[in-house]
Amino acid sequence: MARQPSFNPIRKWKNFHESYEQVIEGEYDLFMPQQGAGLTIEDMKETTRQFQALIADARKKGLKARAVGSAWSLSRAPTTTGWALNTNRLRGRLKVSAADVDPAFPGTADQKAGLYLFQCGNTVADVNKVLESKDQRRSLFTSGAANGQTIVGATSCGTHGSALDHKALHDHIVAIHLIATGDSHFWIERKSRPVMKAAWVKQLGATLKRDDDDLFNAAIVAFGSFGIIQAVVIETVPRYLLDTQPGQEKLDENLWKAIGALDFTAHPFFKEGRPYFFQAVINPATDEVLLSANYKRKDDDREPKYGLTQDPKAIGPGFDSLSTVGVILGAFKGLIPAFSALAAKQLFDTAKKTGTSGQIYGFKPPLLHVASGSIAVALPDARKALEILIQLYRDIGPVPLVLGCRYVQKSPALLAFNKFPTTLAISIDGVDSKSSRAFFAAAADRLEAAGIDYTQHWGKVNAYTRDRVLKAYDGNVAKWLKARRAVLPDDKDRAVFDNAYIEERGLAG
Amino acid sequence: MNRMMKTGACLLVVLTGGCMQYLVQPPAPSLAGSPQTVQAKSYLGSEVQQPPYVLAQRCQDGEQLARVLVKRDFLQGFVSWISLGLIAPATIVYTCANAGDPPLGNSSGGGGDE
Numbered sequence: 001m002a003r004q005p006s007f008n009p010i011r012k013w014k015n016f017h018e019s020y021e022q023v024i025e026g027e028y029d030l031f032m033p034q035q036g037a038g039l040t041i042e043d044m045k046e047t048t049r050q051f052q053a054l055i056a057d058a059r060k061k062g063l064k065a066r067a068v069g070s071a072w073s074l075s076r077a078p079t080t081t082g083w084a085l086n087t088n089r090l091r092g093r094l095k096v097s098a099a100d101v102d103p104a105f106p107g108t109a110d111q112k113a114g115l116y117l118f119q120c121g122n123t124v125a126d127v128n129k130v131l132e133s134k135d136q137r138r139s140l141f142t143s144g145a146a147n148g149q150t151i152v153g154a155t156s157c158g159t160h161g162s163a164l165d166h167k168a169l170h171d172h173i174v175a176i177h178l179i180a181t182g183d184s185h186f187w188i189e190r191k192s193r194p195v196m197k198a199a200w201v202k203q204l205g206a207t208l209k210r211d212d213d214d215l216f217n218a219a220i221v222a223f224g225s226f227g228i229i230q231a232v233v234i235e236t237v238p239r240y241l242l243d244t245q246p247g248q249e250k251l252d253e254n255l256w257k258a259i260g261a262l263d264f265t266a267h268p269f270f271k272e273g274r275p276y277f278f279q280a281v282i283n284p285a286t287d288e289v290l291l292s293a294n295y296k297r298k299d300d301d302r303e304p305k306y307g308l309t310q311d312p313k314a315i316g317p318g319f320d321s322l323s324t325v326g327v328i329l330g331a332f333k334g335l336i337p338a339f340s341a342l343a344a345k346q347l348f349d350t351a352k353k354t355g356t357s358g359q360i361y362g363f364k365p366p367l368l369h370v371a372s373g374s375i376a377v378a379l380p381d382a383r384k385a386l387e388i389l390i391q392l393y394r395d396i397g398p399v400p401l402v403l404g405c406r407y408v409q410k411s412p413a414l415l416a417f418n419k420f421p422t423t424l425a426i427s428i429d430g431v432d433s434k435s436s437r438a439f440f441a442a443a444a445d446r447l448e449a450a451g452i453d454y455t456q457h458w459g460k461v462n463a464y465t466r467d468r469v470l471k472a473y474d475g476n477v478a479k480w481l482k483a484r485r486a487v488l489p490d491d492k493d494r495a496v497f498d499n500a501y502i503e504e505r506g507l508a509g
Numbered sequence: 510m511n512r513m514m515k516t517g518a519c520l521l522v523v524l525t526g527g528c529m530q531y532l533v534q535p536p537a538p539s540l541a542g543s544p545q546t547v548q549a550k551s552y553l554g555s556e557v558q559q560p561p562y563v564l565a566q567r568c569q570d571g572e573q574l575a576r577v578l579v580k581r582d583f584l585q586g587f588v589s590w591i592s593l594g595l596i597a598p599a600t601i602v603y604t605c606a607n608a609g610d611p612p613l614g615n616s617s618g619g620g621g622d623e
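If you read the sequences in order, they're chains U and W.
Take 1 as the starting number for the first sequence in this note's numbering and just add one per residue.
Take 510 as the starting number for the second sequence in this note's numbering and just add one per residue.
Hints were generated in silico from the structure; no laboratory data involved.
Any given hint might turn out to be false.
With the C-beta cut set under 8 Å, the calculated list includes, among others, these residues of chain W facing chain U [to be verified]: (1) 532; (2) 537; (3) 541; (4) 567; (5) 570; (6) 578; (7) 611; (8) 615; (9) 616; (10) 618.
Pairs of lysine to aspartate or glutamate residues, derived as EDC-like cross-links and limited to a Cα-Cα distance of at most 20 Å, are as follows [said to hold, decoys possible]: (11) 61(U) - 490(U); (12) 580(W) - 320(U); (13) 352(U) - 272(U); (14) 384(U) - 288(U); (15) 471(U) - 381(U); (16) 61(U) - 493(U); (17) 271(U) - 243(U); (18) 305(U) - 610(W); (19) 129(U) - 610(W); (20) 191(U) - 211(U); (21) 45(U) - 183(U); (22) 14(U) - 582(W); (23) 580(W) - 21(U); (24) 257(U) - 288(U); (25) 257(U) - 381(U); (26) 580(W) - 18(U); (27) 112(U) - 135(U); (28) 134(U) - 610(W); (29) 333(U) - 288(U); (30) 352(U) - 300(U); (31) 134(U) - 301(U); (32) 353(U) - 272(U); (33) 12(U) - 582(W); (34) 257(U) - 165(U).
Virtual Cβ for every residue (Gly too), placed ideally from N, Cα, C.
All chains, full assembly: derive it from the sequences and hints.
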């Protein structure tokens, strides 16, 4: 008999970075039915039954429930007041056989050969390890800076990366297995991009939903509100290497051309021209900018190795050092500029190296109590938005934060953070403190006052309200709500997955 | 600025006095489940402990440990200091590790063709 979920009656739940706490009614650990063996459809059906039993039980008891992966979000998106369902042991992975691909799949032969199914508990690190192995030699086309999030957690909250000519992490996904209620589960694909044969979906016992693109585009960035995503199918690209070229420059007019318009012709730092990945971290206290331009290189014969390395004699910040630092910097603002310069180098990996995407965007030294929020604007608004935030820093600062600039192409997801043709994602990163929180709150106000259209990162600290979500996404909000009702038609079923985070943003009920 | 630095340093000493924290983890951790917290006390210079050893009960079916954090806050440090180390409370937070990587299967293996 398959291992059944195990209950743990804890009442206090914290996110990974311990930036907040949540009172819950307990947690369930879920396990792969055949530990150590390859995933099968029968395993997926058994896990579906287990999730459905828990969802039905929660509904019967009037409790809420949500799947939790790595609990990586700095926002309260993944929280529940009921049962947290730990999914990070569900790490099954399948290569999609050509025989199982729908003949109407519109992708290229390479895309067809590069389809993989990952269960929800696989982290981005797991995905990279599978794809980039010598046997598979595939890669994600983009990745967030960290790799500890589960693939479903990261994509559900809109993690984006900064590959200049690519979309976000969630845009790898072409099929979703969603467990919605105690007696329904769906295999969701875009009408415009059918992937798996109906017969395969039938064997899984799921209801195939590919009548329209809106349902898929809603479910793909839904932060756990549509139910439990047990697995996703992703498209991948042939493996490539990245050569990182870090540097530090003053923010001058030539650098503004790169940061504000992705024009890499003017500044001598970009000797090789337009990079594959580009990131600029502005320290508003000093106008110093840490640059990271990563250029694509041909793959070699390597078997990638992953993991942190450390000089045993090295001295650096402790695991929970930022909680104390936040208090001290709150009391002594004069220390902030010096700290920010130091912190930028700690928070952003600026070492020169060559590796696969999974090696470059790999494991990071763990730190608690980081503060991070992101605001996205259209590229034509980039410089104006950044100047507004720098001015805000000068008005209320100094604040222990730096501004990381990343770029991503538009996603079809209805509530995509990357909704602009070319999106500048301004990552506001630093230490959790009173002044940092004041900065996050005021940033949205300032952009609104300037009439700049913007979105905020769902998985990071954000100042979204019902009105702001409506303003950011307009008609897409109604489509998203309609799609949610399509998979959760009964309000009692929707209530299971409601939480304060989506209620405050007008997305519940 | 100098005075500010000194005051900041004093505040740092007061805020962190008696506290400590050690995190142990492998280079590439694979976390299973959520972190579990255990309160522990060491008596008489660790001759007696409560519990005698910290059992990672949530690590099941071959799971090992992915992360162990041993920490002492100001109050725990104060108790240890005032009792000359005869009572040394600490908080242990452990997270289980996934028991290996499942192999990469094939959709046809458990699925099948039309």
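Hint check results:
Taking 8 Å as the C-beta cut-off, the interface hint given for residue 532(W) holds, the closest approach to chain U being about 4 Å. Below 8 Å, beta-carbon pairs count as interface contacts, and residue 537(W) has one with chain U at about 4 Å; its hint therefore holds. Given the 8 Å rule on beta carbons, the hint for residue 541(W) holds: about 5 Å separates it from the nearest Cβ of chain U. Below 8 Å, beta-carbon pairs count as interface contacts, and residue 567(W) has one with chain U at about 7 Å; its hint therefore holds.
The criterion of a C-beta within 8 Å of any C-beta in chain U is met by residue 570(W), whose closest approach is roughly 6 Å, and the hint holds. Checking residue 578(W) against chain U by beta carbon gives a least distance of about 7 Å; that is within 8 Å, so the hint holds. A hinted interface residue such as residue 611(W) counts as satisfied when its beta carbon comes closer than 8 Å to some beta carbon of chain U; here the least separation is about 6 Å, so the hint holds. Of the supplied interface hints, the one on residue 615(W) holds, with its beta-carbon coming within about 5 Å of a beta-carbon of chain U, less than 8 Å.
Evaluation of the residue 616(W) hint against chain U yields a held restraint, the C-beta minimum of about 5 Å falling below 8 Å. Satisfaction of the interface hint for residue 618(W) is found here, the shortest Cβ-Cβ separation to chain U being roughly 6 Å, below the 8 Å cut-off. Among the hinted pairs, residue 61(U) with residue 490(U) is consistent with the structure: their alpha-carbon atoms are about 16 Å apart, no more than 20 Å. This hinted pair checks out: residue 580(W) and residue 320(U) have alpha carbons roughly 10 Å apart, not beyond 20 Å.
For the given pair, residue 352(U) sits about 15 Å from residue 272(U) by alpha-carbon distance, which is consistent with the 20 Å threshold. With a C-alpha separation of about 18 Å, the suggested pairing of residue 384(U) with residue 288(U) holds against the 20 Å cut-off. Between residue 471(U) and residue 381(U), the direct Cα distance comes to roughly 17 Å. Compliance with the 20 Å bound is thereby established for this hinted pair. Proposed proximity of residue 61(U) and residue 493(U) is supported: the alpha carbons are some 12 Å apart, at most 20 Å.
Distance check on the hinted pair: residue 271(U) and residue 243(U) sit about 13 Å apart at the alpha-carbon level, within 20 Å; holds. Distance restraint check for residue 305(U) and residue 610(W): the Cα-Cα separation of roughly 15 Å lies within the 20 Å cut-off, and the hinted pair is therefore satisfied. Between residue 129(U) and residue 610(W), the direct Cα distance comes to roughly 10 Å. Compliance with the 20 Å bound is thereby established for this hinted pair. Note on residue 191(U) and residue 211(U): the hinted pairing holds, with a Cα-Cα distance of about 5 Å set against a maximum of 20 Å.
Restraint check for residue 45(U) and residue 183(U): satisfied, since their Cα atoms lie roughly 12 Å apart, inside the 20 Å limit. The suggested pairing of residue 14(U) with residue 582(W) holds, with an alpha-carbon distance near 18 Å, which does not exceed 20 Å. About 19 Å separates the Cα atoms of residue 580(W) and residue 21(U), which keeps this hinted pair within 20 Å; it holds. For the given pair, residue 257(U) sits about 15 Å from residue 288(U) by alpha-carbon distance, which is consistent with the 20 Å threshold.
Between the alpha carbons of residue 257(U) and residue 381(U) the distance comes to roughly 13 Å, so the proposed pair stays at or under 20 Å and holds. A distance of roughly 15 Å separates the Cα atoms of residue 580(W) and residue 18(U); the hinted pair therefore holds under the 20 Å criterion. Taking the CA atoms of residue 112(U) and residue 135(U), the gap is near 17 Å; set against the 20 Å cutoff, the hint holds. With a C-alpha separation of about 16 Å, the suggested pairing of residue 134(U) with residue 610(W) holds against the 20 Å cut-off.
Proposed proximity of residue 333(U) and residue 288(U) is supported: the alpha carbons are some 19 Å apart, at most 20 Å. The hinted pair formed by residue 352(U) and residue 300(U) meets the criterion: a straight-line CA distance of about 18 Å does not exceed 20 Å. The hinted pair formed by residue 134(U) and residue 301(U) meets the criterion: a straight-line CA distance of about 7 Å does not exceed 20 Å. A distance of roughly 16 Å separates the Cα atoms of residue 353(U) and residue 272(U); the hinted pair therefore holds under the 20 Å criterion.
As the CA atoms of residue 12(U) and residue 582(W) are separated by approximately 19 Å, the hinted pair is consistent with the 20 Å bound. For the proposed pair residue 257(U) and residue 165(U), the alpha carbon gap of about 17 Å is at most 20 Å, so the pair holds.
Checked against the numbered hints listed earlier, the structure breaks none of them; every hint is satisfied.
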